[in-house]
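Each chain, letter by letter, is given below.
2 protein chains.
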Amino acid sequence: MTDSATTPAAPRADRIFTAALVVIGDEILSGRTHDKNIAQVAAWLGVQGIRLKEVRVVSDDQDAIVEAVNALRVRNDYLFTTGGIGPTHDDITVDAIAAALGVPVIVHPEARAILEDYYATRGGVTEARLRMARTPEGASLIPNRYSGAPGICWGNIFIMAGVPTITAGMLDALTGTLEGGAPVLSETIGCWVGESEVADLLRNTEKAHEGVAIGSYPFFREGKTGANFVIRCTDADQLATCAAALSQALADLSREPVAGGI
Amino acid sequence: MTDSATTPAAPRADRIFTAALVVIGDEILSGRTHDKNIAQVAAWLGVQGIRLKEVRVVSDDQDAIVEAVNALRVRNDYLFTTGGIGPTHDDITVDAIAAALGVPVIVHPEARAILEDYYATRGGVTEARLRMARTPEGASLIPNRYSGAPGICWGNIFIMAGVPTITAGMLDALTGTLEGGAPVLSETIGCWVGESEVADLLRNTEKAHEGVAIGSYPFFREGKTGANFVIRCTDADQLATCAAALSQALADLSREPVAGGI
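Protein sequences, first through last, are from chains A and B.
According to UniProt numbering, the first sequence is numbered sequentially starting from 1.
According to UniProt numbering, the second sequence is numbered sequentially starting from 1.
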């Protein structure tokens, strides 16, 4: 953020920080564009010690955006949005979020200066381009090193571009600026086994290791059935203990565990 | 569906049919797994003449699933879910949806018969495998030609597997069984132009063609800026008229339109 940046803080072990993401765009809901931002934002949040709790994909429709933003911003530490902040008529995210917040839309002086600088050698700032300097009143900016037009931070809301490479640059600019908790660590153990054959083993292993969650993700390859078991925990020792126990239990069934997954 | 299948119907032009999708799974929210079902379900729905209005991604948590299912099932013609119907402890979708509906979970006799048949040569039905025969009371089944365990239909809710190839098989089994409206047709025109340069042109073209929506999707390739303009409309003639007008307007600016997109 270019001003009022949150002070980077050491991870806090005493509570869980959560985030939600609203993906805005008819192109996702029509199936034309395959979303890449959910996984990208999720992975980035994980490194910041923040858990992605919920995602909504909504269309380029003000009521839909307002509903999603207002539902999610109050029950999460952070709310991220992607999409709809370009210069064209279908880019309505800023207006919708301002409406959700009950504040006016202004032309942000710092954003205007950024665009004037960026477009100085690219034909100058036009009315359409100036749309990308509009923010809800009271916002700060998220730098965009790829294409000039900045992202927007307002309170706990982070409004980012939808083009995944530009989203990535904005996330990069935010790295280390948000308070988070202990990151969730994970270890994956793969096995050529049908998950139904080891369902009890998985349930019992999870139960025996408090604070640990085990997810089971089956796959079908080479005409065979396999699964990856993902163990998640914020404590490295507990994680290692559980991973060792699960590997041993699979080996005891003569099912070879594959560290790191298959 | 294996029983109470909806009668296939000719597209109805008199109203819009909508659907919502709930993607269930910690693996999506952790960033480990890149979702493929949103685009797949969206594209399939489009062909059925049904519009995907909204998507929620929620964790393997009963309260989160109940909230999403109950919010979306009442305001859409159809609700689809993916994920969480396997045999392991983290598969809680059936229990959560039954709770949302206020009905008990039963072992569905037809689903049990399918599993007994499928596992006859694969070690037999165990307690874990029988979990995949559980449905909310009053359900019918969606065939799964890949891995036995069926999907579930309850009222306007379609509960499908999360592994994308299995989801695809279930969608295939549902093809043509749901009532829909006129499919949204689309035409894409690409252009090596910054979208901010043609923002007014796009806005005016959309305004001049009622019932037509134009989306603008910028990209950055080969060191250059371009955009694809996607025109959407349920009427083929209106679509063609708008596409021709947009192409002509771009050509008038000496910006070569590329039919089909770039």
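It should be emphasised that the hints constitute simulated quantities derived from the structure, not laboratory data.
Among these hints, one or two may not hold up.
Simulated DEER-style distance windows between Cβ atoms [unchecked claim]: (1) 47(A) / 235(B): 42 to 50 Å; (2) 70(A) / 34(B): 52 to 60 Å; (3) 43(A) / 110(B): 37 to 45 Å.
Some but not every residue of chain A turned toward chain B, in silico, with C-beta under 7 Å [stated by the list, open to error]: (4) 52; (5) 62; (6) 74; (7) 77; (8) 116; (9) 192; (10) 193; (11) 203; (12) 259.
This one's a predicted model, so the numbers in the text were calculated from it and none came from an experiment.
We put the CB at the ideal spot given by N, CA and C, even for glycine.
Requested in this report: With chain B as the partner, please determine if residue 52(A) meets the hint condition of a C-beta pair closer than 7 Å.
Outcome: Check passed: Cβ of residue 52(A) comes within 5 Å of chain B, closer than 7 Å.
Query raised in the report: Should the interface hint for residue 74(A) be scored as holding, given a Cβ-Cβ cut-off of 7 Å against chain B?
Result: 14 Å, violated
Report task. Let me know if the C-beta of residue 192(A) comes in closer than 7 Å to any C-beta of chain B, holds or violated. Result -> 14 Å, violated
Requested in this report: Using the beta carbons of residue 43(A) and residue 110(B), state whether their distance is inside 37 to 45 Å or not.
Outcome: 41 Å Cβ-Cβ, so the 37 to 45 Å window holds.
Query - residue 193(A) as an interface hint toward chain B, with CB separation required under 7 Å - result: 12 Å, violated
Query raised in the report: Taking the least C-beta to C-beta distance, is residue 116(A) closer than 7 Å to chain B?
Result: Hint on residue 116(A): violated, closest Cβ of chain B at ~14 Å, above 7 Å.
Query - chain B contact restraint for residue 62(A) - C-beta distance below 7 Å - result: With Cβ-Cβ at 14 Å, over 7 Å, it is violated.
Query raised in the report: Measuring from beta carbon to beta carbon, are residue 70(A) and residue 34(B) in 52 to 60 Å?
Result: 28 Å, violated
Query raised in the report: Holds or violated: is the Cβ of residue 203(A) closer than 7 Å to a Cβ in chain B?
Result: Result: holds, 4 Å to nearest chain B Cβ.
**Report entry** Interface hint status, residue 77(A) versus chain B (Cβ within 7 Å)
**Finding:** Violated, because the Cβ-Cβ distance from residue 77(A) to chain B comes to roughly 15 Å (cut-off 7 Å).
Query raised in the report: Is the gap between the beta carbons of residue 47(A) and residue 235(B) within 42 to 50 Å?
Result: 48 Å, holds
**Report entry** Interface hint compliance - residue 259(A) to chain B, C-beta minimum distance less than 7 Å
**Finding:** 16 Å, violated
Of the numbered hints listed earlier, those contradicted by the structure are 2, 5, 6, 7, 8, 9, 10, 12.
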